[in-house]
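Visitor: Based on the sequences and whatever the hints tell you, model everything.
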Amino acid sequence: MGLNLYFDGNTKPGIGYSGFMMFFGIYYLLKPLIIVLTQKAWFKNFDLDYEIQPEKIIINSGKSKSELDYSDLQNVLRRKTYFALKTTSKQGIYLPIKLLETTEIDILEKLNKN
72 MGLNLYFDGN TKPGIGYSGF MMFFGIYYLL KPLIIVLTQK AWFKNFDLDY
122 EIQPEKIIIN SGKSKSELDY SDLQNVLRRK TYFALKTTSK QGIYLPIKLL
172 ETTEIDILEK LNKN
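Counting the sequence shown from 1 gives a position; the working numbering is that position plus 71.
No lab work stands behind these hints, which were simulated from the structure alone. There is no bait here: all hints are sound.
Straight line, CA to CA, 27 Å or less: simulated BS3-like cross-link-like pairs of lysine-lysine:
hint, residue 1, residue 2
1, Lys161, Lys181
2, Lys181, Lys136
3, Lys111, Lys161
4, Lys157, Lys169
FRET-style restraints, in silico, Cβ to Cβ:
hint, residue 1, residue 2, range
5, Phe78, Asn146, 51 to 61 Å
6, Leu170, Pro84, 56 to 66 Å
7, Leu182, Phe95, 46 to 56 Å
8, Leu100, Asn146, 36 to 46 Å
9, Ile129, Lys151, 22 to 32 Å
10, Ser135, Ile106, 25 to 35 Å
11, Leu101, Ser137, 39 to 49 Å
12, Ala155, Tyr99, 29 to 39 Å
13, Thr158, Phe78, 55 to 65 Å
14, Asp79, Lys151, 54 to 64 Å
15, Asn146, Ile97, 41 to 51 Å
16, Leu170, Ile106, 25 to 35 Å
17, Asp177, Ser132, 16 to 26 Å
No residue lacks a Cβ here, since even glycine has one placed at the ideal position from N, Cα and C.
Guide: Set out below in structure tokens:
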């Protein structure tokens, strides 16, 4: 439609609008490719240092330190490559299994069964 307006347009606003339509059309043609190429950037994580203890999880991030008691957890789900923890305040924490020690995995699996 933009090309048709550009070549067959009789007025300057019509020709200007055709350029906008061509740009918009090219954007929507390339939008799936743009999403695939930028999707990893949407899910960048913070560098967290966490320690899983039998009674709580200690999370260190820069200068701050947080403690998460297991009674505050609503769900603990084990997936193929990570554990997903959901708190009662609707926050989600994802812990990659490859970075966990076997004792930490055992603790989280016990929470998963409860």
